[in-house]
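Peer 1: Residue-level listing of the chains:
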Amino acid sequence: MTELHNIACSATAEVPSLAAESRAAAYWTVVGRAFRRSWINRLASGWILLIILIAIIVPFLANGSPYTVVIDGQREFPLFRNLTRADWIILVCGSAAAIYAIAHWRIGKRPGTNEEVRATRVKWLLSLLLCAALISAGIWELKHDYLDVRDYHALAKQGKLQDAVFAPLRWGFADQEPLDVDHTFDFPTHDHVLGTDGNGRDALARLLWGARIVLGIGLISEVIALVIGVMYGAIMGYFVGTADILGMRFVEIVEAIPTLFLLITFVAIYGRNIYMLMVIIGLTSWTGIARFVRAEFLRIRALDYVTAARAAGLPLSSILFRHMLPNGLTPVIVTFTFGVAAAVTSESILSFLGIGVEPPTPSWGSMLNEAGNPAETFRWWLAIAPGFLIFLTVFAYNIIGEGLRDAIDPRLNKVQ
Amino acid sequence: MTTYILKRLLLMIPTLLGMTLVLFAIVRFAPGLTTGGGAFGAGGEMKNQQARLAAEKQMKKRLHLVDAEGHPISLPMQYVYWLRDTFSGDFGESIQYNAPVVQLVKERLPATIALNAMSSIIIYLIAIPGGMLASVKRGKAFDVLWGFFTLGLYSLPVIWVGDMMVGFLANPRFLPWFPSDALHSTNTEYLTFFQYMKDFLWHTVLPVMCLSYGGLAFLTKLKRAAMLDNLGLDYVRTARAKGLGEVTVVTRHVFRNSLLPMITIFAGFIPGLLGGSLVIERIFSIKGMGDLMVTATLARDLPIVQAVAFVGSVISLICLLLADICYVLADPRVSYD
Amino acid sequence: MDNRFTLKDFIFVILFFVVIASVVLAIYQYSYQEDRLNGLKVELQRLNEAQKQQLTVLTDMRNMLRDGVRTTSGVESTTQSNTTQASADGRIRRKNPDGSLYVYYPTPPKSPRDPRAASDFSAGDWLVRNLGNEPKVIAPFIEKDYYGQIVHDPVLESLIAQNPETFEYEPLLAESFRQSADGLKFTFKLRNGLTFSDGHPLTVDDVVFSYNTVMTDGVDCAPLRGYYEHVKACKKIDDRTVEFTMDEPYFQAMDFIGGLTIIPQHIYKFDKPEDFNRMGAILIGSGPYMIEKWDRGQQITLVRNEHYWGERPTFDRVVMKFIQNPQTAFHAFENEQIDAVSPDPEQFTKYSKDSDFTKKFTVRLFPRPNAGYAFLGYNLTKPMFKDKQTRQALTMLIDRKAIIHTFLKDLAMEITSPFSTLTPQNDPSIKPWPYDPEVARKKLADAGWKPGDDGVLTRDGVRFEFDLSMGTGNPVAERVANYIKEQFEKAGIRMRITPWEFAVFTGRLDERNFDAAFLSWSGSIEDDPYQIWHSDSIKDKGSNFVGFSNKEADKIIEEARRTLDSDKRMALWHKWQAIIADEQPYTFLQAPKDRQFINGRFKNTEPYKTGLAPYDWYVPAAQQKYH
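Residue numbers (this note's numbering), protein chains in the order written: chain A, 1 to 416; chain B, 1001 to 1337; chain C, 2001 to 2627.
These aren't lab readings, by the way, just hints derived from the structure by calculation.
Check each hint, because a few of them may be wrong.
Unchecked claim - Straight-line alpha carbon distances no greater than 25 Å define the calculated DSS-like cross-link-like pairs of lysine-lysine that follow:
1) LYS1007/B <-> LYS2008/C
2) LYS2539/C <-> LYS1060/B
3) LYS1057/B <-> LYS2185/C
4) LYS143/A <-> LYS2490/C
5) LYS1057/B <-> LYS2442/C
6) LYS2442/C <-> LYS160/A
7) LYS2541/C <-> LYS1061/B
8) LYS157/A <-> LYS2490/C
Bound conformation, chain A alone (with noise of 0.2 Å):
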């Protein structure tokens, strides 16, 4: 552990150069490798990677269309027909991931200076998302969500089918039994294996849509975050002086208003919209990474080389931000995972409180409340699932960040 606190000092501690670049690749190897050691952060890794999986693939796990059928002598694929734009994307982007995932591993195995796997990592890693945002976008200019009027269900019962091959699961996060004979609140039973809730719609089959929120709540908004709170902070650090202690007192404001007050505020102006909540959590959750990112910058610029540096030339922008900002942010990452459990956190508090995801959204915090709410009967086949999927998620995002964070430097572990 020392070793590798060593070679993270002495990455910034030279000279930028190219072959410093080539350290900071070998940087990252040797924080992935330090993080994989430990059996608990692979366990959390997975269980995330699951639910990107789930996320990614849940219109074909859970879905009240068949892929195929035959009606009135006709072939049909709903499924597919009845995808939404957010569906295809969503898709686009998830092949990507898995097709650079691939390429990235497979790029390592070949020979190579480390220059080179880096240059085709990074060519690789540039034409896939410029295919995924060409692709992307042209779904969205193109391509109109299907409304199918037709039931499926009750077309089954009527034997109206043909040929049909439905999802594992027959069931969307939106459909809901028929109204004759009461299904709210079903308890479990062989159609519906966790129940169903008050809409008569199958609770394991929101649940599975249920990853997308949870994933899109945590990631987009820290996401936003990130963005914010780096930009901030590193025109802090950059511009010290008034600009730092004017930033700075901006940033005491913000994170002295109480975060659920703004949360709350900021619903009422704008609405329960799930791209809304990740705007709005991402906008009150920066503060952090700022703070971070600053303390960085300002360490960095009183570092002997920097001084050196600029003593030779180079203007002091092209040290930080060419050169620097790029490794000085790895330890980001810890705050941005933190910060990703904290805000599904913040999505289920708003959930709980009636003034999160509009419905029919299926998400986790939602669902809890809607089974567990103290004020009404508690149904615990219903409480239980979402809620120790939430705990689940969230641990994992916690684990991967102490991991992390012990992998990068373990002095840090020390002291928050």
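Following the hints, position chains B and C against chain A.
Peer 2: Structure of chains B and C alone, referenced to chain A:
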């Protein structure tokens, strides 16, 4: 050092003013205005809208949004009025309760303080020995497991734990061991003092448990780190060389010296606790500050919202400052000059 | 970092202080000026008002001089006719040939099922209720919520009361009342020997004071004051007679004039309206019970008013607890800590079928004409909701019976219009639109809606997509909205649910910033549709937020409001109801039913037509619990 503290104190002033500006902006730009509840029936059904609009007009007058003749007052002037009232200690009257905000806060504050005080004591009582043991057995099974366990507790969503506690432990259908709401039984007027205290403590078991478990991880870690710092120092080696037993060294010397950061951190700990009690007050139907704040924000009872947010923010600011100053005072190695 | 306190910093600090100081100075300067200006304004206003007052005194004197003689003769004529038309108990209810109404009750009205007539009646015992929430204010007129009104119920009284079975107005504090033929004058004669609960006599001055309090601008009762908009004066005629004058006839005038609660002047006297607003915790009236104490956060205890001017009230004490959580309240009820509880739908369905439970406790399920109703309102200015064909189709797509059965556990009733189905205002021959998705789809096709490429109905380039605005915090309403969304989607209509906090939601309704709205109106026994349905109420943020405008309907409303004869008025209401049912500017969903579990020791607990009357309950001597 004095310069540093002086500078921090001076910087408080612009922060405070900026904060009032931000608060004011948020509160005033949030749409909707309370009608004092008169516009809705028990089931949330809406009454005559004419009545509601009349009520709204009156509210605007009371909130200094319009002057006596009903002409709107400009935003900067509204800010000035609010600033003047707030800094002269006049937080206005709540619209929903027709009572001064100060009186409402006085009614609600004891419950929140009681809960938070109890849970802080419990956190410290568990975190200090836990952190000590973990540091002594550094790297051994206990250390790893304890760290893992507290991190798990930290990750447990409080709404889930609260729901489960109310649902399983305070529910006649399962185990009716604890009461599920408020801090008192319904018939307290016939109880003696000791019965009353017993009743009160019995009511606080679940909420205090919910409030405490999340803070364990952080404090345990802090204690452990402080212990480790001290264990590596010369005086420990000297003590050991003198022939003192390991137990004595740890409990007498290291323990005392590593207590300092735990105390200094307390100031920074308070705002977080106050925020955490909000959800718990909701789950256990406790009439505390958090409940007051959420209800007022949802109903747009502006005087309460402004006052509570303002006071809360000021407390946070002061705590942040105290934490910083304590840190400097307690650890001479940290230099700020 | 060089962080020393240099000269630069010093100058910075000094400058900073200068800025702060100037800001503070500016604030004080500004506010000082403002205060001075305000002071002047108030002074001017006061002078103005004093002048106005003098003027009214002069006019009054002139009027009195002019028709003083006529008033006395009127009183004489009524006393003569009393003797001829009195019934066995001396009560008179007479419509004079000139169209005026005269009612005289020598003794206060009894409840339809008088508990004192029962063989096992016994006064005593306590009644412990759960309010569900702490009232924020309990003072008369300025109460903020339904909970405050419940506390008022046994404490405050008014000149007249409505019979809970026949809906007729009966004199309570008044001994007799007279409504003039044109419906503009209301004369009340008080009973002898009325007292407030502190023993102080209740006089005409208190009536005038109560009216003046409501009308004082600045007293925090703007919603209430709105009803008295057309009541122009309240005049003391003699020591026992008081007269109210209106400036236009209105069929509900008797309801709110006679329903004015009478409060003691010697307690509530105030100089400035703010002084009255601050008396939020004071509640004293002439009713059968009076406030003993208010334990904040716990309960309000009422005690029998031993000075009550009428018959001795039944209970020694009435306790109202504030248990917020319905589950906790129910457990307290089961443990007999509270005597009555309003269960949630699931508790009701479960326990009302449990024979062990019903042996110990009484179960009551009853409709109430003033319970209000839930609806889906369509913004008629939006192109998709313009024609009534489409709106009828939308109604027919929603299975209202199934909503009542599944989501509301059969604890509600179907409705056809804003009128309660329990009162004669409702025309029973008008049936609710049937649930029939097939016919609805045909109707949509007839109205010109055709499915587009993406399955959504389209007409003239307008896609049938809209937002359903609703309030947050009501899980059952959210379930119903989810169900409606699914039903509409099956017909090719895309609906998004957008919940708003109520404070924001009502603001959006005011600005007409919505497509469709899902909420409920509170009801009254006889509904006046003017506020919600007349086209005058579209402007100025009125309650007609859907923008319903129909010339014929407007005319009927205007006519009915002037019609004092109830049979003629009902015929008009029925005509109007037929128009609304056909136009379907709302999809009328349901009216809730009330439910109550009551401890078995209470007798005489059957609900009246207007709902439960807990102060008519009693406990036979043998079963009494508290002494």
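Peer 1: Confirm or reject each hint.
Peer 2: For each hint, the structure was consulted:
1. LYS1007/B <-> LYS2008/C: Given pair LYS1007/B, LYS2008/C holds - Cα atoms ~13 Å apart, limit 25 Å.
2. LYS2539/C <-> LYS1060/B: Holds, at roughly 21 Å.
3. LYS1057/B <-> LYS2185/C: violated (31 Å)
4. LYS143/A <-> LYS2490/C: Distance of about 21 Å is within 25 Å: holds.
5. LYS1057/B <-> LYS2442/C: violated (47 Å)
6. LYS2442/C <-> LYS160/A: This hinted pair holds, its Cα atoms lying about 22 Å apart.
7. LYS2541/C <-> LYS1061/B: Holds. LYS2541/C to LYS1061/B sits at ~19 Å (cutoff 25 Å).
8. LYS157/A <-> LYS2490/C: holds (17 Å)
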